[in-house]
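One letter stands for each residue in the lines below.
Protein chains: 2
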Amino acid sequence: MGKLPLGTISVIFIAQRTGNDDEGYAAAATAMDASAAQQPGYMGMESVRGHDGLGITVSYWRSDADAKAWRDHPEHAAIRDAGRDRWYTSYTLHVAQVTRSYDWEKS
Amino acid sequence: MGKLPLGTISVIFIAQRTGNDDEGYAAAATAMDASAAQQPGYMGMESVRGHDGLGITVSYWRSDADAKAWRDHPEHAAIRDAGRDRWYTSYTLHVAQVTRSYDWEKS
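Quick mapping for you: the protein sequence lines, in order, are chains A and B. For what it's worth, my numbering labels the leading residue of the first sequence as 1, then goes sequentially. For what it's worth, my numbering labels the leading residue of the second sequence as 1, then goes sequentially.
It is possible that some hints are incorrect.
Which copy? The list can't say, so a pair holds if one copy fits it or any two copies do.
Mimicking DSSO-like on lysine-lysine, the simulated pairs with C-alpha atoms at most 27 Å apart in a straight line are [stated by the list, open to error]:
#: 1; residue 1: 68; residue 2: 3
#: 2; residue 1: 3; residue 2: 106
#: 3; residue 1: 106; residue 2: 68
No wet-lab data here; the hints were simulated from the structure.
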């Protein structure tokens, strides 16, 4: 991803996986990543999951309206219900507007 | 962490580890977590690293001034230099102000 324009909307999703249905979860995650990438205003995503099942995904959007449109997308809403039913024990989501951004790479 | 007050400052740190010096890195990370937790305005931290060495850490601060004070803390600055020298191949850091926040837990 690298450095972001100021004003970019970051959506920070922190979720604890159940141990259930790894295959169903992986398929849904792949489908959601592909679908998000096609939405207006999508700027990218970064995602990490640790061995204890805690994951952090940050997606980046051009505007708050774009982030809300993805939140309200019917396909996304259906997957969210499945997530609550089967894949997650808890999650937290923060929407935050970027005020500074830096990157560094070893030369 | 759970739901955050609006206006909270989130610092999103996304870093790729080298394969070097796991012990030195782990000791420094533990020391930095403990030191950050003692700073004014610290509200918490969440951190995940995947098996490929990509990590996302999000720390939360009461105000931008608090986040900047931690950035400029001498102990933190010294560790940052060590990180560039030994522990990271690249990183990105975004500072973003929370505009919405939700949490959910399986009942």
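Outcome of the hint check:
1. In the homo-oligomer, the alpha carbons of residue 68 and residue 3 lie at most 27 Å apart both inside one protomer (23 Å) and across protomers (18 Å), since each shortest distance falls under that limit.
2. Taking the shortest Cα distances, residue 3 and residue 106 sit within 27 Å of each other inside one copy (15 Å), while across copies they are farther apart (35 Å).
3. Only between protomers do residue 106 and residue 68 lie at most 27 Å apart by alpha-carbon distance; the minimum there is 24 Å, versus 36 Å within a single protomer.
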